[in-house]
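Single-letter residue listing:
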Amino acid sequence: MNYFSSLLRGALGAGLLLGAAGARAGADPHWPVAAIPAALRENAHAVIRQQDDIITVKGAGRLVHTIHLVATVLDEQGERYGAAVVGYDKLHQISYLRGSVYDADGRLIRSLRAADTKDYSAHDGFSLFTDNRVRVSDLRQARYPYTAEFEYELVSTNTLAFPAWSPQEDEHVSVEHATLRVVTPPELPLRYREERLPAGSAVAQSQQGALRVYTWQFQLLPAVEREPYSPPLAELVPTVYTAPTAFEVQGYPGALTSWQQLGQWGFQLTQDRMTLTPETEARVKELVKGVDDPRARARKVYELLQSSTRYVSVQLGIGGYQPFPASTVASTGYGDCKALSNYCLALLKAAGVESYAAWISAGRQKAAVRTSFPNDQFNHVILCVPLQADTVWLECTSQTEAFGYLGSFTGNRHALLLTPQGGKLVRTPANAALDNRQYRRAEVQIDEQGHGRATVRTTSTGEQQDELAQIMHQLPADEQRKQAYQRLALPAVTIEQSSWQQNHRGAQPVVTERLTLALPSYASRTGRRLFLTPNLLNRLPPPAPRVGARQAPLQLATPFVDADTIRFRVPAGYKPEAVPAPVQLRTAFGSYEAQTQVLPDGTVQYTRRLQMPAGRFEAKEYEAYEDFRQRISKADRAQLVLVHPES
Amino acid sequence: MKQALLTLLLVLGWGALAQGQPDPVKFGQVTAADFDASALKGAAGAPAVVLCDYGVTRIEGAHDGFRVAFERVTRVLIQTKAGYSQAEVQVPLYRFEGQEDELLNLRGATYNLVNGRVEKQKMAGSAVFREQTGPDQMSRKFTLPGVREGSIVEYAYTVKSWRLFKLHPWQFQHPDVPVAWSEYRTIVPGFYVYKEMPRGYLPYALRTQAVVPYSTIYHVSHQDDRGNTADVAPTQRLVTDAISSRWVMRDVPAFRPEAYMTTPRDYLAALEFELHQTAFDPARPKAVTSTWEKITDELLKEEAFGGLLERRDLAGEFSNASPLTPAATALRTSHPDPTARAAAALALVRGALRYDGEEWLYARTPQLRQLVDKQLGNAAEVNLLLVHTLRDAGLAANPVLLSTRGHGRVQQEIPVLSQFNYVVAHVALPAGQDLLLDATDPLAPAGTLPERCLNGYGRLIAPAGRWLPLTPAQRYSCFTNARLTLTPQGEVQGSVRVEYGGYAGLSARARLAAQGEQKFLAEWQQQRPDWQLTRRAVQRAADPAAPLLLDVDLRLPGAGAAQPLYLPLMRLLATNDNPFQPETRLYPVDLGMPHEYATTVLLTLPAGYRPEALPGRLLLELPGGAGRFAFDTSLQGQVLQLTSRLQLTRARYAPGEYAALRELVTRAVAKHQEPLVLRRTP
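So the sequence lines, in the order shown, correspond to chains A and B. Be aware that the first sequence starts at 1, since it is given in the numbering used here, and climbs by one per residue. Be aware that the second sequence starts at 1, since it is given in the numbering used here, and climbs by one per residue.
The set of hints was computed from the structure by calculation and includes no laboratory data. Be aware that one or more of the hints could be misleading.
[Unchecked claim] Derived PhoX-like pairs (lysine-lysine); straight-line CA-CA distance at most 20 angstroms: (1) B/294 to B/166; (2) B/195 to B/166; (3) B/122 to B/26; (4) B/26 to B/166; (5) B/81 to A/300; (6) B/122 to B/141; (7) A/118 to B/374; (8) B/286 to B/195; (9) B/141 to A/90.
[As the list claims (entries may be wrong)] So the derived label-pair ranges between C-beta atoms look like this: (10) B/546 to A/64: 52 to 62 angstroms; (11) A/585 to B/606: 45 to 55 angstroms; (12) B/303 to A/202: 58 to 68 angstroms; (13) A/489 to B/525: 40 to 50 angstroms.
Here the structure is a predicted model, which is why all the values come from computation and not from measurement. Built from N, CA and C at the ideal position, the CB exists for glycine as well.
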């Protein structure tokens, strides 16, 4: 305990801890587990005892990042902290990597040996080739707890990518003490942005000779647990984002104090790469001959792109930012997101339509772009075609996407347009609930034994068709059917017929699914009664159970509307004995209506409509959301009871 | 020799291969007719079809020995955009004894049919990448240009390697895409004899062998007195006979994984080879891989295997003393019962070493003291230390080699070590029983192997070696017992106990360890949302030999005063999943072990209540006792009893049994949905 308090005193007194870190390393014992405050062990698999990051900007084109990380691994799930996983590539080299491991009492178990370190290709799973590799130094121990200490240095010649500092990047990890120190030459002042910093941890600036020094420190951050339906962890933990004022990547210098400048740099990388051969140009002109509407011309060009190219990713050095020339794509027929967007841009130009490449942060549930802090927050490129009436966005890596459609991968977020005048930050379109529909009609025939036979037609649009469209395009028929079984989620069903059709003519892409289902014992029979769940295929599961009080805001990612109409023809003679009462719910989280009616001809008609918005709600509203979900789930499980009066 | 071989061929009924059999495909000779796949079986709807995949392996003379030359030509018709990935190719290459495989003569081209004319676009050298994928593994990756729907892509290459102990393997079947014609040929001079190791379930369309004349050129170098190397003679010609073999599969369906499979390697149709013997002097053939006895002998002499079992060297000194020896020796007196002693030794090793997840046959740290210091070991290290410790405890223990489910099935008739990737311990109990132990899983009781080990047979590595069946010692069992009371207001209250036994206990304990008790219980509750839990507890979590218990008190709020009362108790308590969803099955269902699910409910009715209708009894049995479902209800006084028991008594079911298996589970789940109908009598 003394040890810990002296550490704290040191931290508070000196402000700068880094000099002290080396001195402490010599003392015995090292990082005894008993010194961890109880509050940091709560809900934690690992405790970061000390993390010191030093970023030294050597010049516009070079920075050195040293990391000292000491973490106590409390159990098997914290094991990631028993090993250092350091990525490198052509632009990031590891200069050294050292490590030691200590037992619970802080006695040295051993230091890192050559055999503990292995080198792997860090394949991203979709590229044909990248130069990304990873070095893994493994000091994991059999007995918990233990403490692993690593020190390593990365020399980066990609100064566009300054590290973001977020010691608590995993859930169930607490932080005892962490520091960040950035040293820059006076002519290259640091740009930074602090988010969610605890009180008292804001920047301290000082001078070290001519150099500028910026320091931050965090202490005693308790472990965070990711809760269901919450924003990404990156939007919940304290973070310092850093960025240069000027940078250089493989001989391409740039300035970075505005989005305009970043976009300027991006544009310059592509400038001399948009030329097509005269033959290709002539082919495009022929293609759009007689088509006056620029939107129609863009559509023709996009169709040409989709039918004549494919996505192949090769990422090497500056090739991570700079596309292959358009003429190369024209001859090989493949490229990555940059290359295909650039090629499409060149084709559109030949068709007399102006467009811009747009850098974007693609992926579902991505942290939002920090608009007030220009830096490279992007991982993908799409194409923006500004037209008079509206703007068309094109996903050039897909050979099957609808013209102008952005789904959950790139929709509803900021993108940086690369224009000849520099960068412009704009928003991609957001889908409303009514764009993301799932409308279903089903006719079900139930026989005396309770067996059912159903014909089901489901139309899905917008983001509700994204997954279906992907399955349709990527899997053969038998596999599509296997996927359909998983979606049906009924314990007893056989798909007798199935078909899927796509329609790209409307404002939103549509997939229509037609199924014929055999439903053995869909209605259960006890004695002279039949029990039937009218909600055939759209039962919302109850919310994930809550453990403890809700901490994080509630985040609803996708707005949608589902409407189901199911008609059951039941065997003759059966009369309703118990009919589920109609349910109507209206909340801030959405509205729900469900009704079961027995029509005069004896047919049972079930209708259900659920509409939910996208949005973020405060943690204290979570209980109400839970209640809403529970009520829906209960109503979705409700049963109708039919009885035969005679038998 | 030649005569003997021919006789053999005739006996086996293989047609002799006509010499000069034409190649099924020639690189670069694509015609307009090749673009029409309408006549090919299974091509409709497939993203791409491999029109022809053709490989030839020859053994040829080289510098100071022989090497393997493998040539391949592959032609693929890309039918849809989903088939574009077939135009990205990866060729794995290896380094063996310091010598790297050589990739030669790599060519690739894409053909498109434009207005009835075949247009060809060659692959540029810049489209080829080299990647280091492991210390002794590289790969060359390339992609073809100008690919569209309807393109034919074609590539060809040669790999020359020094890995004579394994001929280049051949995979007839591909994931995702069907193959119209897959052909492999080998030309092996008589002085090398290989064993064939076929995999998968598909038949050959053609399989022929013939003796053909063979000649090759090789170089012999020699070292002079000063250590300089020089060629004795620049070239020497060797003329002898060779066995020319040919295997063809036609209309090979795309391989698609199904649920409950071991590794895809067990199912994909392929052919592997192991060098069996060399006979440079026909009178004295030399066995290379020969007998299980030899393998046993060699393994026991190997420092990284047998070395861990040694206690004394010849001089009687401790050569590889185990830090656990004193504690293990003490077990001889503290645990007189051998089974209990084995369990105690198992606990001792588990306490000393944790499994690092590496399935491997050899120790990387053969020194036991160092190993125990490290506290972490691979399968061989953990379980060879276990054998050592069991012996210290005075038990007759030996290692057992096996292949995990992820590594593939073992072919017992082929004595090849590379079939195995894992070690467990065997104890011969005095009563003659076999006890198998594995210390890698902290939760598995003595005698229960982790699921990954339940894969056919293991080989006992002992002077009297034999095959041991790796049959599961336990089932996967889940028993639910509910004691419930109905209140006059229509509310159900009571307690439920769930017993996770055998492999269900193992997996529940693993989930419990990973999620913590709160989440584990919350998950159970989420699957039964109608109940309100008033008390919940997990019991006996620490004793792996006993089933894990989940104890809850719960209530089901009443539906009000409405009469009659419908109570779907089985649906609300039992699990209602059907793991056998798709209606068809191509490959066997491998569950690993027998399964049993049983639920018993006792419901006490308040005075004045009686059942108006109850679900009827049901008994279903699969042929040969392979499965059974029994359901019954009874009323004694005011106590209603419901029992349900589903048993899948085998670990493995043939594809032909799938329909019945699916039907059994479907009907069991359907039975659980039937409610009780209760009524208050006036």
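Tested hints:
Distance hint between residue 294 of chain B and residue 166 of chain B is fulfilled; the C-alpha atoms sit about 19 angstroms from each other, no more than 20 angstroms. With a C-alpha separation of about 9 angstroms, the suggested pair residue 195 of chain B and residue 166 of chain B falls inside the 20 angstroms cut-off, and the hint holds. Distance restraint check for residue 122 of chain B and residue 26 of chain B: the Cα-Cα separation of roughly 16 angstroms lies within the 20 angstroms cut-off, and the hinted pair is therefore satisfied. Distance check on the hinted pair: residue 26 of chain B and residue 166 of chain B sit about 26 angstroms apart at the alpha-carbon level, beyond 20 angstroms; violated.
Distance restraint check for residue 81 of chain B and residue 300 of chain A: the Cα-Cα separation of roughly 19 angstroms lies within the 20 angstroms cut-off, and the hinted pair is therefore satisfied. As the CA atoms of residue 122 of chain B and residue 141 of chain B are separated by approximately 16 angstroms, the hinted pair is consistent with the 20 angstroms bound. For the hint pairing residue 118 of chain A with residue 374 of chain B, the CA-to-CA distance comes to about 18 angstroms; that is within 20 angstroms, so the pair holds. The straight-line distance between the Cα atoms of residue 286 of chain B and residue 195 of chain B is roughly 14 angstroms, inside the 20 angstroms bound, and the hint therefore holds.
With a CA separation close to 19 angstroms, the supplied pair residue 141 of chain B and residue 90 of chain A stays within the 20 angstroms bound. Distance hint check: the CB atoms of residue 546 of chain B and residue 64 of chain A are about 57 angstroms apart, consistent with the given range 52 to 62 angstroms. Between residue 585 of chain A and residue 606 of chain B the C-beta distance comes to about 34 angstroms, which lies outside the given range of 45 to 55 angstroms. A hinted range of 58 to 68 angstroms holds for the C-beta pair residue 303 of chain B and residue 202 of chain A, which are about 60 angstroms apart.
For residue 489 of chain A and residue 525 of chain B, the hinted distance range of 40 to 50 angstroms is not satisfied, since their beta carbons lie about 19 angstroms from each other.
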